[in-house]
Amino acid sequence: MAAVDHAHGHEHGHDGHGHHPTGLMRWVTTTNHKDIGSMYLWFSFAMFMVGGAMSLVIRAELFQPGLQVVSPAFYNQMITLHALIMVFGAIMPAFVGFANWMIPLQIGAPDMAFARMNNWSFWILPVAGSMLVGSMFVPGGASGTGWTLYPPLSIQMGMGMDMAIFGVHLLGMSSIMGSINIITTILNLRAPGMTLMKMPMFCWTWLITAYLLIAVMPVLAGAVTMLLTDRHFGTTFFDAAGGGDPVLFQHIFWFFGHPEVYIIALPAFGVISEVIPAFSRKPIFGYTSMVYAIASIAIISFFVWAHHMYTTGIPLTGQLYFMYATMLIAVPTGVKVFNWVATMWRGELTFETPMLFALGFLFLFTLGGFSGLVLSVTAVDIMLQDTYYVVAHFHYVMVAGAVFSAYAGAYYWLPKWTGHMYDETLGKAHFWLTLFFFNLTFFVQHFLGLAGMPRRIPDYALQFAEFNKLSSIGAFGLGLSQLLFLYVVIKCIKGGKKAEANVWGAPGLEWTVPSPAPYHTFEEPPVVK
Amino acid sequence: MSQTASRYFVPEPSHWPIVGSLALGLMASGAVMAMNGVAAGKFTLIGGFCVLVYMLFGWFGTVIRESEGGKYSKMVDSSFRWSMSWFIFSEVMFFAAFFGGLFYIRVLSVPDLASFENVKFLYPHFSDVWPSAGPAFKEKFTAMEAFGLPAINTLLLLTSGATLTWAHWGLVKDNRKQLIIGLFLTVALGIAFLVCQAIEYHEAYSEHNLKMTTGVFGSTFFMLTGFHGFHVTLGATMLIVILFRSIFGHFKPDHHFAFEAVAWYWHFVDVVWLLLFILVYWL
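Line by line, the protein sequences are chains A and B.
So the first sequence is numbered by this note's numbering: it starts at 1 and just counts up by one.
So the second sequence is numbered by this note's numbering: it starts at 1001 and just counts up by one.
If you're looking for bench data, these hints aren't it; they were derived computationally from the structure.
Check the hints yourself; a few may be wrong.
List of simulated lysine-lysine pairs, DSS-like, C-alpha gap at most 30 Å [to be verified]:
1) K428/A / K529/A
2) K282/A / K198/A
3) K1074/B / K198/A
4) K1120/B / K1140/B
5) K428/A / K498/A
6) K529/A / K1074/B
Nothing here was measured: the structure is a model prediction, and the numbers come from that model.
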C-alpha cells in the first residue's frame, strides 16, 4: 500500500494480513516516526545508564588516592567507553529521537521523508552499541586510548580497538542516513505556507546540525579507516618512520571533533529555544538573529579544530589564528544567550520542570562557555591541557548543556507523547537533585584542574583527595537521581492527569493535534498562515 | 483533499532495515575477527555480505516496484533529489579526509622529517623528495608514470561520462535504442577502467616495488586510488542495474530519477579521478 491517503484508508484495517505487525515486530519493522522516535529515546536512556555506570567506576576509583577498585588498564577502558557511549550512544540518539518525534509534528508532515531508511538509521545503533560494549569482553579488552583514539597508542591496542573502529563506522552510517532524512524532511515536507523563516527554532537547529553531520561523519570514517590500515595492512599514515605523523590523525579527528561539539549543542539550543518562549508566554526574541547565529556557529566550527592541539607543536601563528577564531564563536553564542534572556524579559514566567531545566541549562551552559573561552587562550591552555579543568569544562557543556536540555525537552513534550501529565513534584525534585549533584561533581573539578591534577590517570597526589571525594559523592548522587527520571517517565506513561492538546499554551503545530499525538498525524497538510 | 494528501508517501512496515542491520553487524564482526586471525571471521564476513546483497535486492526491488507502480509523486521525486545530492556530498567529505592526509604529508610531515633537528639527530640521510616512503624505508621504489595507463584511464572515464550523457539524451527523447547502447558503452568503459586499474596495481607490485607498505607514498597512493576504484565498482554495478532496467522497459522521459542518480554518482566518481590524476599521479 502506498500513500497515507484517505482514498486508500481501508487498507489500514488489514492487520491480519501482516501489514501492521504487532508485538516486537511492530517495533522492528515500523516506519512510523513516532515509534522510531520513541525507540531512539529509550535506546539513548539505556546507553545513558550504561555510560553512567562506567563513569561511576571511574569515580569509585578516584574516591581516594591509590589504586583500589580497578586496574589501570580497565580504568582506561572505562574512560574510553564512557565517552564514546555517552557521545554517540546517549546524547546524539536522544536528540535524533526528539527530531523524529517532533520535526514532522512541527512542520505539519505525516512522517519523515524516508520512513524505511529512518528505521534502518535506528536499527544500526544497537548493532554499533553492542560492538562498543562487547569490546570489553574480547581478549585485551576495549580500547584504552580515550575517545579520541590517538595513535600511536591506538595502533598498538588489541582487537577491542578494531571493534571500536567498526562501531564508529556503523554509527557514522546511521548518522548520515538520519541527517539526510532530516534535511530532506525539513526542506521538502513542510506544510503549505510554512516558509523557512516561520519554522520552529528546533527545526532550524536540526537542519543545520544535519548539514554538520553529513560534512564531518565521513571525515571521522576516513580517520578511523587510516587507523585500521595502519594497524593491519602496513600503511604508515601515522608513523614517522614511514613519513607519516601521529599529529595528522589529530588534525583529521578534530576536524570532525570540533563540529561534533556543535552537533551536540545545536539541537540542545533548539529545545531551549522552544521551552523558554513557551514558559515566558512570549515569542522568541530575535528570531532572525537566532537563525543567523546558529548558521554562524556551524560555519565557524569548521575552522577552529586545532584549539584541541595547542600543545602538539603547531606553529605560533597557527596557535594565534586558532585562538582568535575560537573566541569568535563566543559572539554568535552570546547572541543566543542574550536572546534567551531577552525572551524572558517582562514575560509571564512560570517555573514548571521544563523551564527549570531550561534555566539550569542557561546558567550552567554559559558557565561552560566561559571556561571554554578561558581554554581558548593558548597561553592558558598550555597550562590546563589534559587537566581536570578541561574535564569540568566539557561536562558543563555536555551534561549541563546537552543533557539538561534533553530533560527540558522530555518534560516539555512528555504530555504530548503519552497523553498524561508527568508528576510535577517529582519532576521538580529530579531537577533540584540533578542540579545539586551535577555541581557537586563537576564544579570542584575546576579547582582540581587549576591545581594541576591530570586527567585519564587512575591515581593522584594526596593534595587532591578532598575535592575528589566530593566529586565522587556528587557523581553517585547524580547517577541515582536519574533513576527518579525513569520512574517519572514510567509513571507518566501508565497514567496521570489527562493532558490537553495544548498543554503549555504554546504556539506551534505540534500543539494543534490531540495528546497523545495519534499514530498518524497531518495526513493532510495543515495550512500555515 | 485526497489529491493534496497523496503527495506524501509513507511506506508500510518493512523488514528490510533489520535485515540490513544484521548484514552490517555480521560484516563488521566478521571483519574484526578476520583481521585478528579468528578462523570464523572470513565466513562471517562473507555471510554478512551475502545478507547485504539479499537486502539490497529486496529493498531496491520494492522501491523499483513502487516507482514503476506510479506511487511516487513529484514530492517524493524531489525528496530523492535532495537525498542523493547530500549522499554524494558525504562521499566528497570522505575523500576529503584522504586528500587532506595527502596534503598534510606532502606539505608538512615529510619536509618536517627532513628538517634541521631530525636530519641532524635522527635521520641523517633523509631528504625531502616526493615521492617519499619515509626515513626508515630502505628499498628502492618508483611511482607510477602519469602519462601511461593513468592517462588512458582518464580518457576512459571522461569518455564514459560523455556516453552516459548521450544515453540520457536518448532517454529524454524516448529513444530506447540510444539509451541502451549509451548505457552499454558506459558500463564497458567503466569495466575497462577497472581492468586497467588492476593491471596497474599488478605492475606497481611486480615492477615498481610500490606496495601498500611502501611508506606514506604507498599508503596514500593505494588508499586514494583503492577507494576510488571501489567507488567505480559501485558505480558500474549501479549502471548495470540501470542498463537491465532500461532493457526491461523501465523509465519514462519525465520519470527516471534512478537513472539521474546513478549519472550524478558516476560524474562524482569521474571528478574524483581527475583530482587523483592531477594530485596523486601527475604533480
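Tested hints:
1. K428/A / K529/A: Answer violated: K428/A to K529/A is near 37 Å, above 30 Å.
2. K282/A / K198/A: Since the Cα atoms of K282/A and K198/A sit roughly 15 Å apart, the hinted pair holds (cutoff 30 Å).
3. K1074/B / K198/A: 24 Å, holds
4. K1120/B / K1140/B: 23 Å, holds
5. K428/A / K498/A: Holds: K428/A and K498/A sit about 19 Å apart, inside 30 Å.
6. K529/A / K1074/B: 24 Å, holds
The structure fails to meet hint 1 from the earlier list, while all remaining hints are met.
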